[in-house]
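Protein sequences appear in the order of chains A and B. For the first sequence, the numbering used here begins at 1 and goes up steadily by one. For the second sequence, the numbering used here begins at 1 and goes up steadily by one.
Hints in this document: simulated from the structure, not taken from any laboratory. Yeah, the Cβ is synthetic: ideal placement off N, Cα and C, and Gly gets one too. One should not assume that every hint holds.
[What the hints assert, rightly or not] The calculated lysine-lysine pairs, modelled on DSBU-like cross-linking and capped at a C-alpha distance of 30 Å, are:
1. B/K165 / B/K63
2. A/K24 / B/K165
3. B/K63 / A/K24
4. B/K167 / B/K152
5. B/K63 / B/K42
6. A/K24 / B/K152
7. B/K42 / B/K167
8. B/K42 / B/K152
9. B/K42 / A/K24
[To be verified] Just a sample of chain A residues kept apart from chain B, beta carbon distances all over 10 Å, derived:
10. I2
11. L21
12. T55
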Amino acid sequence: MIWQFDILILIFLVVTAVISLQVKDLLAASMVFGTYSFLICLLWAGMGAVDVAFTEATVGAGISAVILIATVYNTRRDSSD
Amino acid sequence: MSVMGSFIISQYVLDHFNFWVAVILMMIGLYAMITKNNLIKKLIGMSIFQTAIILFYVSAGVKEGATIPILEHHAAETEQVAAGDAGAEHGSVVGADHDVSKSSEKAPAHEVHEINPDDYSNPLPHVLMLTAIVVGVATLGVALAVAQVIYKNYGTLEEDEILAKIKAAENDG
Numbered sequence: 001m002i003w004q005f006d007i008l009i010l011i012f013l014v015v016t017a018v019i020s021l022q023v024k025d026l027l028a029a030s031m032v033f034g035t036y037s038f039l040i041c042l043l044w045a046g047m048g049a050v051d052v053a054f055t056e057a058t059v060g061a062g063i064s065a066v067i068l069i070a071t072v073y074n075t076r077r078d079s080s081d
Numbered sequence: 001m002s003v004m005g006s007f008i009i010s011q012y013v014l015d016h017f018n019f020w021v022a023v024i025l026m027m028i029g030l031y032a033m034i035t036k037n038n039l040i041k042k043l044i045g046m047s048i049f050q051t052a053i054i055l056f057y058v059s060a061g062v063k064e065g066a067t068i069p070i071l072e073h074h075a076a077e078t079e080q081v082a083a084g085d086a087g088a089e090h091g092s093v094v095g096a097d098h099d100v101s102k103s104s105e106k107a108p109a110h111e112v113h114e115i116n117p118d119d120y121s122n123p124l125p126h127v128l129m130l131t132a133i134v135v136g137v138a139t140l141g142v143a144l145a146v147a148q149v150i151y152k153n154y155g156t157l158e159e160d161e162i163l164a165k166i167k168a169a170e171n172d173g
């Protein structure tokens, strides 16, 4: 693992996690959470866990984001916090 | 003193940066699950908590200088060819893996076919965490379905409003 990429991706991970929890628009929160999943997928590919990486890419960044957005469309888009 | 300080920083922070970030993400997720009022936000916090745990385990399986845990059968065949015509140039042998032909020059002949576990990252945490990812997305799916049912019955996803409506319904009945 190239440690510069490691540290850069980990910092972006914390930033996207905080943004997805702080933003008041739930659709934006879902999209930023998809970004978070994709970043952690990159991290796993870098750490040599390729099987975990492509499972995360399909299941985490794909299906999780889609079902979150589907729920937001079936309910409300705005949030109090 | 500053040398000592930088040594401590590199020893405990930079060398274990994955674990520090895993703990930070875990606490972010736990904070969101406890304090957020919106149910969707709570679920996003739960997913972050899960990925933090997976990050912890996968980081435990990383070895320095190791590659992905897939055995190279092709490498062993190349070695046999190389051992067969010892006088031949190593560069002419297929040319698929330069690292392998280099290591065969140093290694004794009887060690050539052995598989060194230090060359591969530990696959056991990967396999366990593969299950955890699938369980996590199933949990998220069921929780989002329950959230939609709650929205249909109470008309809101905010926790305090739902609790107030439940309390009002209890007082009426």
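To see whether the hints hold, each was checked on the structure:
1. B/K165 / B/K63: Given pair B/K165, B/K63 is violated - Cα atoms ~54 Å apart, limit 30 Å.
2. A/K24 / B/K165: holds (23 Å)
3. B/K63 / A/K24: violated (40 Å)
4. B/K167 / B/K152: Holds: B/K167 and B/K152 sit about 18 Å apart, inside 30 Å.
5. B/K63 / B/K42: violated (35 Å)
6. A/K24 / B/K152: The given pair, whose Cα atoms are some 21 Å apart, holds under the 30 Å limit.
7. B/K42 / B/K167: holds (22 Å)
8. B/K42 / B/K152: holds (18 Å)
9. B/K42 / A/K24: Between B/K42 and A/K24 the Cα gap is close to 13 Å, so the pair holds against 30 Å.
10. I2: At roughly 12 Å from the nearest Cβ of chain B, A/I2 sits farther out than 10 Å, so the non-interface label holds.
11. L21: violated (5 Å)
12. T55: A/T55 is in fact no farther than 10 Å from some Cβ atom of chain B, at 5 Å.
Against the hints set out earlier in the document, violations occur for numbers 1, 3, 5, 11, 12.
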